Amino acid sequence: MSETSDVSRGDGWTLAPVLPEERPLLERLGELYLYDFTGFAPWDVGEDGLFDHEGWARGLWADPRHTALLIRVGGKPAGFAIVSDRSMFAAGVATWYLAEFFVMRRYRRLGIGAAVARAVFDRYPGPWHVLQMTENVAAQAFWRRVIGNYLGHPADEFTTSQGNPVQTFTAPGANVSGA
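Here the sequence shown stands for residues 167 to 345, where the numbers follow this note's numbering.
Do not rely on the hints blindly, as some may be mistaken.
To be verified - Simulated restraints on C-beta separations:
| hint | residue 1 | residue 2 | range |
| --- | --- | --- | --- |
| 1 | T204 | R275 | 33 to 43 angstroms |
| 2 | P338 | R175 | 15 to 25 angstroms |
| 3 | R238 | T325 | 30 to 40 angstroms |
| 4 | R238 | G258 | 29 to 39 angstroms |
Source of the hints: derived by calculation from the structure; they are not laboratory data.
Predicted, not measured: the structure shown is a model, and the values here were computed from it.
Backbone N, C-alpha and C fix where the C-beta goes; we use that ideal spot for every residue, glycine too.
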């Protein structure tokens, strides 16, 4: 996957590709991300006190289709986005896939997540798929609102065989939303 090396900036936040020396940081943020899922998914920690849901971190670094982007607010780590250049729902068609998206609770409901999501879509123009787990009702509302505001209309949506909603849309690129 071709990397975009520039830093996206907003009101107090930045979004930049994860550097090799930042991998341990991303993996620790991943623990917080996976913990958030325990509100609706039956995931447990291992005997070491860590999550290893399907080898999340190992899979991230092993897959060259993934690009990890670190979110910072006021210079402090605040979350991440993982973008794949190949959606599992678009066989043979180049389609971006938002594999993971996480903003720490402290920075939620401040508009940061929405602004960062727009920056991610602007960074990778073209067709997109964004999936949420059926049980994650808050994420479904967030993504429907954010993508709808980004496009100026609701995104098309389909449901996977597991019942997970997936928004599908084309991101035209920078400054589409005027925000």
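Okay, the hints, checked on the actual structure:
1. Against the hinted window of 33 to 43 angstroms, the Cβ-Cβ separation of T204 and R275 comes to about 20 angstroms, which falls outside the hint.
2. In this structure, P338 and R175 meet the distance hint of 15 to 25 angstroms, their C-beta atoms being roughly 20 angstroms apart.
3. Between R238 and T325 the CB atoms are about 34 angstroms apart, so this pair conforms to the stated range of 30 to 40 angstroms.
4. Separation of R238 from G258 is about 36 angstroms and conforms to the stated range, judged on CB atoms against 29 to 39 angstroms.
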